[in-house]
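Top line first, the protein sequences correspond to chains A and B. By the numbering used here, the letter at position 369 of the first sequence is numbered 388, and the numbering carries on one by one without gaps. By the numbering used here, the letter at position 231 of the second sequence is numbered 350, and the numbering carries on one by one without gaps.
Hint data in this document are derived by calculation from the structure and do not stem from the laboratory. Just so you know, not all the hints are guaranteed correct.
[What the hints assert, rightly or not] Under the rule of at most 30 Å between Cα atoms (straight-line distance), these lysine-lysine pairs were calculated in the BS3-like manner:
#1 A:K363 <-> B:K381
#2 A:K54 <-> B:K216
#3 A:K244 <-> A:K23
#4 A:K23 <-> A:K181
#5 B:K273 <-> A:K363
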Amino acid sequence: MIEKALQGSSRYWTWIGFLLVLIGAGFISYLYQLKTGLGITGMSRDVSWGVYIAQFTYLVGVAAGAVMLVIPELLHGYHPYRRVVVFGEFLAIAAVTMCLLFIVVDIGQPARLFNVLLHPTPNSILFWDMIVLNGYLLINIIVGYNTLLCDKKGIPVPKWVKFFAYVSIPWAFSIHTVTAFLYSGLPGRHAWLTAIMAPRFLASAFASGPALLILLLLIVRKVSKYDPGEKVLQSIAKTICYAMIANLFFVGLEFFTAFYSNIPSHMHGLEYLFFGLHGHDQLVPWMQTAGVLGFLGVFILLIPPLRRRIGFLALACAAIIASTWTDKGVGLVIGGFVPNPFEKITEYHPTFPEITIAIGIWAVGFLILTVLYKVAISVREQELN
Amino acid sequence: MELKRRDFLKIVGGSALIGGSAISALVEEAGIAHASPHEEHGHSAEEDHGHGHIEEASGIRWAMVVDMRKCSEQEGCRDCINACHYVHNVPNFPDPKEEVKWIWKDEYHHVFTDISTLDPYVPEHIKRHPFLVLCNHCDNPPCVRVCPTKATFKRPDGIVAMDYHRCIGCRFCMAACPYGSRSFNWRDPRLGLKGRELNYEFPTRMRGVVEKCNFCVERLAQGKIPACVEACKHGALTFGNLADPNSEVRALLRENYALRRKPQLGTKPSVFYIIA
Ligand code: SF4
Ligand code: SF4
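Based on the sequences and whatever the hints tell you, model everything.
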């Protein structure tokens, strides 16, 4: 089945080549980081996590989002999703792989990574995050690969694969809940110390993952003979709409609690991100744009005649991806570190090598995605004949 | 001081009948330890915020009392900082982003962020004089809770110590410490030790690991007191066993009104500040 990934048009190979160039650049930057230390990044004593952990957090959401197709298909017998679910699972595989890579490049002594296994520490949320993420990766590989293999052979999916598909549902919730716990259990980080961190993460995940999936399916439809069908796209769009509304609502709740209670430390993080604090406002344009884009996306998806126009649908998905990415991939992590425990403000500017490494990892993810989608498309095209 | 405190207690004393433990928690948070009007209620609050159950493991609970009355008289004095940073080969990186520090000075309103809203009425000399800050060797250390490798751990004598050879440099502990006590080696620390006299009895670290004050475990093991305490010629630093009612630190805390940083977080710091 995998061999299908080795046959493709020149356009396909150009794309692969492009990704390989980005990966190469990222890899060289990473070697530089390995040699010099994390000092080549913009992180500091005060903002001790940056782009890497932020991307990790965002991508956990993308990975969890796949479950929004599994649930209707498996639990509600929604058959139109039957042929599409695998694209969600393959997206999850690519996303989790990126997550793991982002962790690896973020740690100061990667050679010691296995200390996490050698000295298992159940009181550390990072320990559990490692377990749920690797488990989720494995489950999606098992389910995605075997489902596709059965489709190719034209046989029904065996029970044991179905079993893992069921397991993937709570597991998807677990990866994002545990990732939220990394943040929400820390005393003194006021922006993170919120009980709705996990629901917020899940809502944003169930919007951003499927939104990315719609864009990918639109591309699949363009470059191949396989068409997931209008009905599928519209159903996913509705899911995204609900999830994004919940996400915006949750962010609103954070604002209410912080500003109505009027507790300075609770307001500072949000103030810094959305309005600027003591003249420090570099993230304000980002966060405000994210807010506008979020509402724009919801607005388009809420109005059926707009949502049915492919151009608008794509626009809404892009807006929601940009909005959720900014929220989690930029604001969340930085907002927790600013102001620092001394109520001082140290700003964070990612450096060129740091961004190159991050782009390199995204390219690895897209390479995995491309190869897996190529295989899935070939099976779907074969079914058409 | 004494009078004000008694007045305060009289006021809360009445309402304590209604919400005893909540009120005594407040009393505790205001820093008035061991003064709960109702013993039976006060006890639970003490467990939450004070030093409740610490001694039984070893009979030792190391702690430090910083007497700001003495320290703030010595403007610009860096004796303790220099001693510590020499003894532990703490690298010197001037860029605040890469800074590594075990003990340093910062202003009142940055150190006591939770009560700094009182700022306008705080006496000038307290506002002006920098406070010493270091790892608090918390009784309930969040840094230990989050560490995925046990590279940061709490010893039976209460010291929160680190194994630099086990640390993977994930910096989870830096996110978890509410006191900004931890530094990361963004670069090779030896670069920050160039041209300086090294202490060959204490290892240098490698890049990519976290470090912080260790209450001089290596010196305690040899029966010495911490380097900063030894270096302070003005008697501003006192180190001792909190579990021993007859210790010097306990005497100081008995006779003076001392604050700890962010007690409301429940970390139970072991560094105390006598303010005035
Ligand atoms: S002050 Fe920070 S580093 Fe020190 S024990 Fe407490 S939480 Fe850990
Ligand atoms: S940086 Fe080191 S000490 Fe800190 S949590 Fe990670 S492994 Fe533990």
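Evaluation of the provided hints:
Of the pairs offered as hints, the one joining K363 of chain A and K381 of chain B holds, with about 16 Å between alpha carbons and a cut-off of 30 Å not exceeded. Among the hinted pairs, K54 of chain A with K216 of chain B is consistent with the structure: their alpha-carbon atoms are about 19 Å apart, no more than 30 Å. Of the supplied pair hints, the one linking K244 of chain A and K23 of chain A holds, its CA atoms being roughly 15 Å apart against a limit of 30 Å. Taking the CA atoms of K23 of chain A and K181 of chain A, the gap is about 25 Å. The hint holds against a cut of 30 Å.
Taking the CA atoms of K273 of chain B and K363 of chain A, the gap is near 29 Å; set against the 30 Å cutoff, the hint holds.
Checked against the numbered hints listed earlier, the structure breaks none of them; every hint is satisfied.
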